[in-house]
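Protein chains in written order, with the working numbering: chain W, 1491 to 1631; chain F, 317 to 685; chain L, -14 to 391.
Check the hints yourself; a few may be wrong.
Said to hold, decoys possible - Derived pair list, reagent style DSS-like, types lysine-lysine, alpha-carbon separation capped at 30 Å: (1) F:K603 with L:K257; (2) F:K325 with F:K507; (3) F:K507 with W:K1544; (4) F:K368 with L:K257; (5) L:K47 with W:K1548; (6) F:K368 with F:K395; (7) L:K257 with L:K388; (8) L:K131 with F:K549.
No lab work stands behind these hints, which were simulated from the structure alone.
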Amino acid sequence: MNDEYTPKIIGFLCNWCAYTGADLAGVSRIQITPSLRIIRVMCSGRIDPLFVLKGLLKGADGVMMMGCHPGDCHYQKGNYSARRRYVLLQKLFEDLGFESERIGLWWVSASEGPRYAKVSSEFSEEIKKLGPNPVREEIFI
Amino acid sequence: MSNVLKIKKGVEQGANELLKFLLESEKVKGIFTLRKMNENGAVSYSLITHPKELQNAVPLFPLMPVNAGKILSGFTLKKAINEPIAAVLRSCELRAFIELIKRTQGSLENFLLISSTCGGVYPLKSLTDGTYKEQVSQYWESAKNAEISSDIRPTCAACEYFIPQQADMTIAIVGKNDLQQECSIFLNTKKGEEFTIGAPGNIVSEDIDTKETAKLREKRQEQKKKLFDELEKNGSGIKALVKTFAACLSCHGCSKACPICYCTLCDFDSKTHEYLPSSHEIELEQKGGIRLPPGTIFFHIGRMIHMVVSCVNCGMCSDVCPVNIPVSTIFSKVGDSLQKLFDYLPGKDIEEPVPFGTYKEEEFTEIGE
Amino acid sequence: MTATQIDSNKMPTKGAIVSAEEGINKTIVDIFKKSLEKKCFDAILIPVRVPETEAYAWVLLKDQSLLDEANPLPPIISVQGAKALRSLTKRGKMTQNIAAILRPCEIRAAVELSKLKQIHLDNISLISIDCPGAMPLSDYLADPEKSKKIYKNVLEKWGENNSVRPVCHICNRFSLPSLLPRKSEETSPVEQDEANLPSIDLHIGLLGGNQEKIFLIPVNPKGRKILEELELKSDDSLDIWQTKVSEVQDKKEKIRKEFNLELKEKIEGQEKLTAMFNECINCHNCMRVCPICYCQQCFFDSGALTLSPETYLSRSEKKGALRFPLDTMLFHLGRMSHMVLSCVSCGVCEDACPMSIPVAQIFSLVADQTQKSFDYAPGINKEEPLPLQDFLEDEFHEVETPKEVN
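Kindly produce the complete structure, drawing on both the sequences and the hints.
In structure tokens, the structure reads:
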């Protein structure tokens, strides 16, 4: 069953670093996992934890948050907020038994095309192992 | 060593005497405390400005119709009070008020804060089914012996923060075995001392006895563990959540009763979370069936994300839930865990910023790599 | 003219009698399974029991297997059906055809909401069902097994059992007659037909069937078409059903009258009414579960009622004490003045009250009387404007003339 399933992963990428990095990976013709569907945000600090929650509850198998390395945020401090929100989300999901492995946060700079490809394919493999999101079967959510 | 005002009356009467003194001496313009509404035990928070109305005051009545922190925030939302007012509230209510002030939802100015070491409160249902009448008699016995009163709110039975942190005065209840003869009021701040000059009773210097309160804290911590472990019986993960919230009516009563939820228009009530029929139709195709109204679990977890770092475990949410969902237990459990993660105790220190909305540059450095 | 008078031209006399050997619930569920197979509808909106629990939730479903745990008449009303419909079609119309099986009070609330532009009824087939009432929510939660047994009894001994909620016990709008457009003396017969289309397509009759059969009653051509597609003949006589409905109707009218007289005495006057709300904690649960209260932000939750501390102090000084949260009676009477003309007496407010205040009984009593003075019945005529949305130049002159002073 798992061989048949291609995970659907949503990625929130910050415009200045992560998205540009993803773009670079594409231009450099590096193989990128087809599982990742990208949503561009201006800053990782824009990522409302509710986006991540909503994504998972709607049946996404994984959600990735990507932004600039700490200290390099185009808006100075957005990524620090993103980091805290991610930590909060992860612990919250852990406490609820909600498969906190389905979310992740990575710092990917504009020049890190290969890194982008690496983290997304690694994450995709992890998600594949986890199997489809059990929320997909739930009617009464 | 602390200064303690001792009034030679039972604790409930003693508290009333203190309030009477504060109002009659005009040291305060008004008293904010619980007041009897009828003979069936209905009580309501009231702002009392006339000493005659103090006859109906029941400051230590073990019932919380609303979280007083929420009320005081609404009171001082537009601006701070300009006259001194004495407010009697429980530890969690005071903590909630402080959490709200951190979010610019009120002001502490000119309040004389009177609290007590808290034996907990009864669920509102005990009022409607009349059982509180029998229960309240053993309430004071349990408090005296630093034991957990049975039938109080589950979150009260599991509460280890029953000693108020930011009060000007604390009425000793837990572990005080001469409760029926003497009312001891610890004067924690200069303000507390100033306002009790001339009060009926004697002011003595005393050591705060921590033995009895430590005893209760231990018992409560055990109870907390038991309470959280019980949640596991539904399992974990999405299936457990669905089961727990199966009966949810999406009334959002829990949010409205919660002192920390202060948004005038909750995000989950706003147009942001209203979807076009096409959105539902797509999901219907994918799943074969959708629950209406949508977003039951999303609301609860979303609300959790928004406020749980400041959850003070008052238990109002469970009390107002029309379908008896143990909201307060779940939020309490996750709140406890998240607060430990950020090394944060809501309401402890008014200078301490809320961990959601702030950050440190050097923290969680392993994340993201 | 009461809400129960109906235009005899519209009352259907023929329908399909279906045997209910396997139990009423199963029979109805099987009919809807068939309707999905035959593509009468793309989806059905019906209460479904949440697996491994005793809770019911509204589900819009295409998957027939979900109908296995469906129940058109659960022992309780969880979410008011009109609210569920509103969460689906507030922002626009359905493009697929759905059938919604609702209790009569839920149908009426849905029609009221459609007048208020909160529900788009296009492509929605409203199907009503005879309703014996619902159990009090707190009773059901305390002992679901016992309540289910009691409810079985309620379904058999219609109208005699008062284990249902008080507003249900006195409900005189439990069947088809209360959902049909009323005869209007002012309009000519032609205008009547166009303006007075019933809002429902089909009604499921249970009364008079003795638990052995049910009556599928088409109310309009669309209803007849549905029965055709289900391969059911709609020319059986509805006499037994109609007779039983009238019988129960008369009983209920009496019960309602007596009850409301007693209630009026209990709440009459400022003192008694205020005492009723002594235990109110201002949680506003009643407002939030009410299908008619649709405001995104209730006036009574808004900043409009937040005052400055000085004002609170001076208000307190007037009487010596000021109760918080403030303005309990302002909230209840204010909410009443906002929505009581559309109140359908569904009773979810009383179920939701954590202090067991008889909100529904009080609002229902006032609703009866205020709706009567406007000769208005909520939720029946889709085209009938709400009394406060409309006016006639020539009416209510009696309130203009000052009363004679002796």
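(message) For a C-alpha distance cap of 30 Å, please report whether L:K257 and L:K388 respect it.
(response) holds (27 Å)
(request) Take a quick look at whether F:K368 and L:K257 sit within 30 Å of each other, Cα to Cα. (result) holds (23 Å)
(message) Check the hint pairing F:K603 with L:K257 against an upper bound of 30 Å on the C-alpha distance.
(response) Between F:K603 and L:K257 the Cα gap is close to 52 Å, so the pair fails against 30 Å, i.e. violated.
(message) Holds or violated: F:K368 and F:K395, Cα atoms, limit 30 Å.
(response) Holds: F:K368 and F:K395 sit about 28 Å apart, inside 30 Å.
(request) Would you mind confirming whether the straight-line C-alpha gap from F:K325 to F:K507 stays at or under 30 Å? (result) With Cα atoms ~23 Å apart, F:K325 and F:K507 stay inside 30 Å; holds.
(request) Given the hint that L:K47 pairs with W:K1548, test it: the Cα-Cα distance must not exceed 30 Å. (result) holds (18 Å)
(message) For F:K507 and W:K1544, compute the direct alpha-carbon distance and say whether it is at most 30 Å.
(response) violated (49 Å)
(request) Decide if the proposed pair is consistent with the structure: L:K131 and F:K549, CA atoms, cutoff 30 Å inclusive. (result) Status holds; Cα separation ~24 Å.
In this structure, the hints that do not hold are numbers 1 and 3, in rising order.
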